[in-house]
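*Asks:* Those sequence lines, one after another, are chains P and C. So the first sequence is numbered by the working numbering: it starts at 1 and just counts up by one. So the second sequence is numbered by the working numbering: it starts at 1 and just counts up by one.
To be clear, the hints were calculated from the coordinates, so they are not data collected in a lab. Where hints are given, some of them may not hold.
Taking lysine-lysine and the BS3-like style, the derived pairs with C-alpha atoms no more than 27 Å apart in a straight line are [to be verified]:
| id | chain 1 | residue 1 | chain 2 | residue 2 |
| --- | --- | --- | --- | --- |
| 1 | C | Lys54 | P | Lys106 |
| 2 | P | Lys27 | C | Lys54 |
| 3 | C | Lys32 | C | Lys54 |
| 4 | C | Lys32 | P | Lys27 |
| 5 | P | Lys100 | P | Lys27 |
| 6 | P | Lys177 | P | Lys106 |
| 7 | C | Lys50 | P | Lys100 |
| 8 | P | Lys27 | C | Lys50 |
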Amino acid sequence: MTPQEKEAFSYAAPADLRACITGELRKADLSATESVRPSSRFFYVALGLAWAASLVFVAGLSSLQSVADPVMQQVVSSHVRSMMAEHLTDVDSSDRHTVKPWFGGKLDFSPQVEDLSAEGFPLVGGRLDYVASRPVAALVYRRQQHTINLFIWPSSGAATRPRLHMQQGYQVFDWSKDGMQYWLISDLNASELQMMAERLRGQ
Amino acid sequence: MAEREIETTLLPHLDSAYNLARWLSRSEDDAKDITQEAFARALRFFPSLKGSAKPWLLSIVRNTFYTSIEQNRRTQHEPFDEEQHGAADDALGPELLSMRNADVVRMRSAVEALPAEYREAIVLRELEGFSYAEIAEITGVPIGTVMSRISRARAKAETLLRRGGK
Chain P
1 MTPQEKEAFS
11 YAAPADLRAC
21 ITGELRKADL
31 SATESVRPSS
41 RFFYVALGLA
51 WAASLVFVAG
61 LSSLQSVADP
71 VMQQVVSSHV
81 RSMMAEHLTD
91 VDSSDRHTVK
101 PWFGGKLDFS
111 PQVEDLSAEG
121 FPLVGGRLDY
131 VASRPVAALV
141 YRRQQHTINL
151 FIWPSSGAAT
161 RPRLHMQQGY
171 QVFDWSKDGM
181 QYWLISDLNA
191 SELQMMAERL
201 RGQ
Chain C
1 MAEREIETTL
11 LPHLDSAYNL
21 ARWLSRSEDD
31 AKDITQEAFA
41 RALRFFPSLK
51 GSAKPWLLSI
61 VRNTFYTSIE
71 QNRRTQHEPF
81 DEEQHGAADD
91 ALGPELLSMR
101 NADVVRMRSA
111 VEALPAEYRE
121 AIVLRELEGF
131 SYAEIAEITG
141 VPIGTVMSRI
151 SRARAKAETL
161 LRRGGK
């Protein structure tokens, strides 16, 4: 058949059909390129969930309580801030008989200040801090190059043994005793910090 | 891996798809519906497209057509008596070759009078220029069947044309 004959016998797609199908095909191309993004978005969401799940798992392994404990979060923030702002102490003294009276009149309680220099945790000083919606005592100790913050405030809860938490790379112990809440935090390794916690609690 | 763009892959074959649908259905409205449905199927199965798009798309068109007549039963299927119309020559007959525009309408009705299998074979061969092997691929029948269908389609069309012309 000649091209003319082919043309004479061939039906061309009507304009309305062509317009309709062209639109469908373009829409498919658009959604095909867009479908790449939602799937990778889904991938990152899944990755984030897996990461969060692994955190919870690690937290569970370390016998931690709630990751999102707001008080612990404040303790960590306070610890970090104390080192960043170069406002570690309000009173510089390794003498607990200097530090303990310094809190007098600044707090509505009198924190126990222990001298642990014999165990290798020399006292650096103390400062006022604000945690859990109240002014608290912060005692600063050192172990080699590691700074340790001990937060103390009154609490009505029952006495508890030191529990280890990990938060943002810091080891945190909390316990209560004799109507006081204690939070001990440092980047020091957990076993040495636990030793200190148990010594402070008086075991 | 570069994804094939659907529009640039399929749209160039829209006229061929419609042409086949039009010849098979013998109605403009049906041809539009079939073409639209065929493209919808093509979109669904696009990821499975491996080779050349045109024969792939046209096989979807004809499948869509046969599905639609089975569902609607609005197009009657005339059985073609192969024994009666057995003799045919492989070349185009003189009537087809010497066709002038005035004959186109008659020729069309002659081809439209053919059974669907013959219509699709001759449209694919003469209008779309596919090889016998490609037509066998598209229609899913052996190549020998394609060859005999085309030659018988030509013979029958010429017979019908002669009869109509008298």
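*Asks:* Indicate, hint by hint, whether the structure satisfies it.
*Replies:* Verification of the supplied hints:
{"no.": "1", "hint": "C:Lys54 x P:Lys106", "verdict": "87 Å, violated"}
{"no.": "2", "hint": "P:Lys27 x C:Lys54", "verdict": "21 Å, holds"}
{"no.": "3", "hint": "C:Lys32 x C:Lys54", "verdict": "18 Å, holds"}
{"no.": "4", "hint": "C:Lys32 x P:Lys27", "verdict": "19 Å, holds"}
{"no.": "5", "hint": "P:Lys100 x P:Lys27", "verdict": "74 Å, violated"}
{"no.": "6", "hint": "P:Lys177 x P:Lys106", "verdict": "22 Å, holds"}
{"no.": "7", "hint": "C:Lys50 x P:Lys100", "verdict": "82 Å, violated"}
{"no.": "8", "hint": "P:Lys27 x C:Lys50", "verdict": "22 Å, holds"}
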